[in-house]
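Chemist: Chains as they are written, first to last, in my numbering: chain X, 1 to 341; chain H, 1 to 512.
Hints are computed from structural coordinates only; laboratory data are not their basis. Keep in mind the model is a prediction, meaning the values are calculated, not measured. C-beta atoms are modelled at their ideal positions from N, C-alpha and C, and glycine is treated no differently. It is possible that some hints are incorrect.
Computed list of lysine to aspartate or glutamate pairs in EDC-like fashion (alpha-carbon distance at most 20 Å, straight line) [what the hints assert, rightly or not]:
1) H:K73 <-> H:E138
2) H:K76 <-> H:D60
3) H:K376 <-> X:D210
4) H:K402 <-> X:D210
5) H:K311 <-> H:E347
6) H:K388 <-> H:E347
A few chain X residues that don't get close to chain H, going by computed Cβ distances all over 12 Å [said to hold, decoys possible]:
7) I42
8) M144
9) G324
10) F329
FRET-style restraints, in silico, Cβ to Cβ [to be verified]:
11) X:F272 <-> H:H117: 52 to 62 Å
12) X:R234 <-> H:T313: 52 to 62 Å
13) X:A133 <-> H:D278: 38 to 48 Å
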Amino acid sequence: MSDALKPSQAASSGSASANTMPRQGLQGAGRRILRFESLGLIVALIILFVLISLLAPGKFLRPVNMMNIALAISVTGLVAMAETIVMISGGLDVSVSAIVGLASVAAALVVRGTGSWVLGVMGGLAMGLAAGALNGGLITKGRMNPVITTLATISVFSGFAYLITQGQAVGVSNDTFNAIGNGRVAGIPIPVMILVLVAAVLIIFLARTDIGRSIYAMGGNPVAARLAGINLNRYKMGIYLLSGLVCGLAAVISTGRTNSGIPTTTQTDLNFQAITAAVLGGTALAGGKGTIVGTLLGVVIIGTLNNGMIILGVPVFYQMLGRGFLLIFAVLLQEWQMRRR
Amino acid sequence: MNESSIPGRPLLEVHAISKAFPNVQALADVSLEVSAGEVLALIGENGAGKSTLLRILNGDYQADSGEILLDGKLAKFASPREAHTAGIRVIYQEPELVPGLNVAENIYVGELPGRGHFVDWRRLNDEAYARLAEFGFEREISPTTLAEQLTPAQRQLVEILKALKQGVRVLALDEPMSSLSDEEAQRLFKIVQGLRGQGVGIIYVSHRLREVLRIAQRVAVLRDGKLMGVVPAAECCEDELVKLMVGRKLAEVVAREDNCRSDVVLSVEHLNAPGVHDVSFEVKCGEVVGFAGLVGAGRTELAKAIFGATKVTSGQVGVEGKPVSLHSPAQAMAAGMGYAGEDRKNESLFPILSVRENVSIAILERLRRLRFVDRKRENELVTSLVGKLRVKTPSLSQEVGKLSGGNQQKVVLARWLAREPRLLILDEPTRGIDVGAKAEIYQLVRQLAADGIGVIFISSELTEVLGVSDRIVVMQGGRITGEMPADGATEEAVLRLAMVDHLNGDATASAN
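Using the sequences provided together with the hints, build the complete structure.
Modeler: So this is what it looks like as structure tokens:
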């Protein structure tokens with residue numbers, strides 16, 4: 001609808017260009033790296049830190065504990081970033097936890113079978129890709145709704161994982177492989193480095209490439225995107241493949257950490273946490289909006305909360321309650337922010 | 001008879017209303033009055049404050065200062081509900097129906113007849129039918145049709161019926177005719193006359209000046225939030241106002257240079273698609289072909305079929321002599337076509353993306369180096385297009401959803417111009433746009449033609465089709481019923497071709 005928020009300056013001649021050049025700053029893609037709403041998250045994080053430190057003096061703020069948090073969120077963080085991209089494009093992948101489980105098992109089996117950590121890593125990644133391909137294929141060719149599809153594939157992937165392991169965890173004794181999950185370089189855990197690296201790549205990918213733009217467009221208005229020449233099916237396929245791949249990577253790390261491939265991941269609610277983190281970070285459920293940085297902040301907040309609850313000895317069931325309320329809060333916050341515009 | 005209760009006192013009075021938004025004083029000290037049974041027209045460029053005023057009357061916004069008096073009594077509306085209860089109803093440009101509900105349910109939403117929680121469907125449908133029949137629409141709109149299947153024009157009508165059923169004292173219509181063809185506009189006109197007879201006060205916001213002058217008793221002009229004056233329509237400056245809407249002259253003004261690479265830009269042969277029956281025509285280089293017809297004639301369906309957006313059953317399309325595969329918009333674009341749909345909100349715009357991104361979205365592949373978007377080149381391109389089209393925006397980073405309708409349309413045009421297409425299809429490009437911007441768009445279209453681009457200009461406003469085009473093609477029921485040069489064409493001749501089936505009572509030439 002035509003509205004009254006008309007800018008006061010009028011471009012009455014060709015020199016409009018002088019007036020419309022923006023201040024070089026958070027414009028366009030820049031805005032997509034750090035949104036204003038993310039500042040609120042940083043504040044929330046600081047408050048959380050202060051609160052927990054006060055409640056558990058001496059135990060929380062130690063460097064060792066900080067590194068623990070970083071380690072704990074590296075797997076969740078990867079999955080959450082993949083989920084963010086899927087959500088921005090207007091889709092949803094709830095099968096991520098199952099993909100991680102399946103890829104974890106695949107990686108472990110390959111390492112055990114070939115003795116090569118390289119092949120093990122490739123096995124995990126490949127399995128993740130394959131799972132993503134199934135999701136993507138069903139959603140594009142099968143024209144299926146993403147939520148229903150990935151809901152269904154949870155069972156497919158988990159079932160398959162149980163099948164090939166007969167329900168047993170698969171031990172991994174290859175030191176190099178396990179080092180991926182446990183090793184450190186210059187004091188920084190490798191998983192954290194991987195997380196940061198992948199984050200950097202994805203941030204640039206989303207903000208600076210034409211593919212990234214098209215993903216935001218697809219999610220914002222799929223009809224218009226198609227009419228502007230964007231091949232929706234090709235993008236969707238690519239996005240679910242990417243989701244699978246990143247889950248495969250997360251699985252490799254997780255397997256290395258625990259020295260075993262487990263059909264169910266150690267965190268069965270990975271999908272829940274990934275979505276919570278994304279929404280907390282400003283990713284819209286309907287698509288078209290979201291940032292990697294925001295999601296990472298969300299992941300850090302969740303990780304900090306989890307860590308805090310463990311340190312404070314909060315019983316497990318209360319932790320579940322806490323996480324549930326966090327998601328509710330995240331969605332409400334997003335609603336409130338949308339109303340504010 | 002529903003007259004204002006204090007004789008001699010206007011039904012609605014607005015005193016010194018002001019409203020400011022960040023950066024913009026939308027309304028400054030505006031005072032108006034509307035008497036019972038009167039039509040007050042409200043005109044002004046986009047951004048003049050008309051919509052803001054309507055929103056205040058409807059209770060969507062609250063004025064910063066000033067007061068509203070209904071029947072001489074102070075009225076304060078904290079919400080649309082309160083405004084509606086008091087009898088003020090504003091109908092906006094974009095109909096707000098629930099797509100999944102049918103016509104009857106939409107009209108009576110929230111007030112379905114029945115006992116307790118059980119809906120009396122029979123009564124609901126009968127009442128809806130009666131409402132439709134009151135205005136003569138019962139044959140073309142059925143109470144059980146789903147809202148999402150209605151055309152924009154029909155949705156507009158249902159929206160009006162929804163408002164009317166409640167017994168309204170003041171009705172404000174925001175661009176009611178922007179998506180109606182001339183014939184449907186006539187019917188709306190009659191509805192308005194009927195309401196006047198019932199003593200309803202009507203505020204009529206429109207850019208269609210001829211209608212405005214015919215239907216209104218007084219015309220209020222807003223500019224930059226201020227009331228410039230209120231003039232009796234009878235005395236009004238028809239000539240000046242009409243002159244603003246560009247007439248025939250434009251078609252002669254721009255000299256054609258020789259930018260043609262081939263004589264025929266687009267050739268369509270025996271095209272069949274949903275809503276399109278055996279259509280064949282050509283567009284020559286540098287020619288503007290206007291497609292006229294009533295709403296529902298199949299022009300949009302034709303455009304979408306040519307552009308690859310809908311499935312084509314048979315037929316050939318060629319651009320500059322080369323056949324084009326019609327499976328997707330991307331292929332049509334690769335062949336050199338551009339398409340700006342009639343429903344820009346749903347088909348063209350990305351509301352939360354910036355102006356810059358909306359413009360560059362269709363041309364990213366030419367702006368990139370190794371998949372990275374070259375932001376400098378992007379800025380240069382977008383800045384130059386935004387300047388050329390005179391898009392009013394505080395910055396290129398502004399969210400496109402916040403621009404006015406006219407500027408949004410310009411952004412869409414900029415997107416296609418960036419691609420330097422050989423053929424540009426424009427579907428109702430001036431819908432909901434103020435007169436000044438319309439004129440700019442006509443000039444732009446002529447300039448494109450001079451540059452050697454073929455333009456298909458679809459519009460339901462006969463004046464503009466005749467004014468901008470070199471040649472007119474008339475459609476009805478998915479078929480071409482006639483073609484003629486624009487020079488010398490009359491509105492009657494075009495209308496006759498647009499209604500050929502109705503006139504001849506030809507039962508065999510029926511539509512889809």
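Chemist: With reference to the structure, classify each hint as holding or not holding.
Modeler: Verification of the supplied hints:
1. H:K73 <-> H:E138: 39 Å, violated
2. H:K76 <-> H:D60: 11 Å, holds
3. H:K376 <-> X:D210: 14 Å, holds
4. H:K402 <-> X:D210: 24 Å, violated
5. H:K311 <-> H:E347: Answer holds: K311 of chain H to E347 of chain H is near 17 Å, not above 20 Å.
6. H:K388 <-> H:E347: Measuring from Cα to Cα gives roughly 23 Å; hence the hint is violated.
7. I42: Holds, because the least Cβ-Cβ distance between I42 of chain X and chain H comes to about 22 Å, which exceeds 12 Å.
8. M144: 21 Å, holds
9. G324: 29 Å, holds
10. F329: 23 Å, holds
11. X:F272 <-> H:H117: 52 to 62 Å: 36 Å, violated
12. X:R234 <-> H:T313: 52 to 62 Å: The hinted range 52 to 62 Å is violated for R234 of chain X and T313 of chain H, with Cβ atoms some 25 Å apart.
13. X:A133 <-> H:D278: 38 to 48 Å: Holds - the Cβ-Cβ distance for A133 of chain X and D278 of chain H, about 43 Å, lies within 38 to 48 Å.
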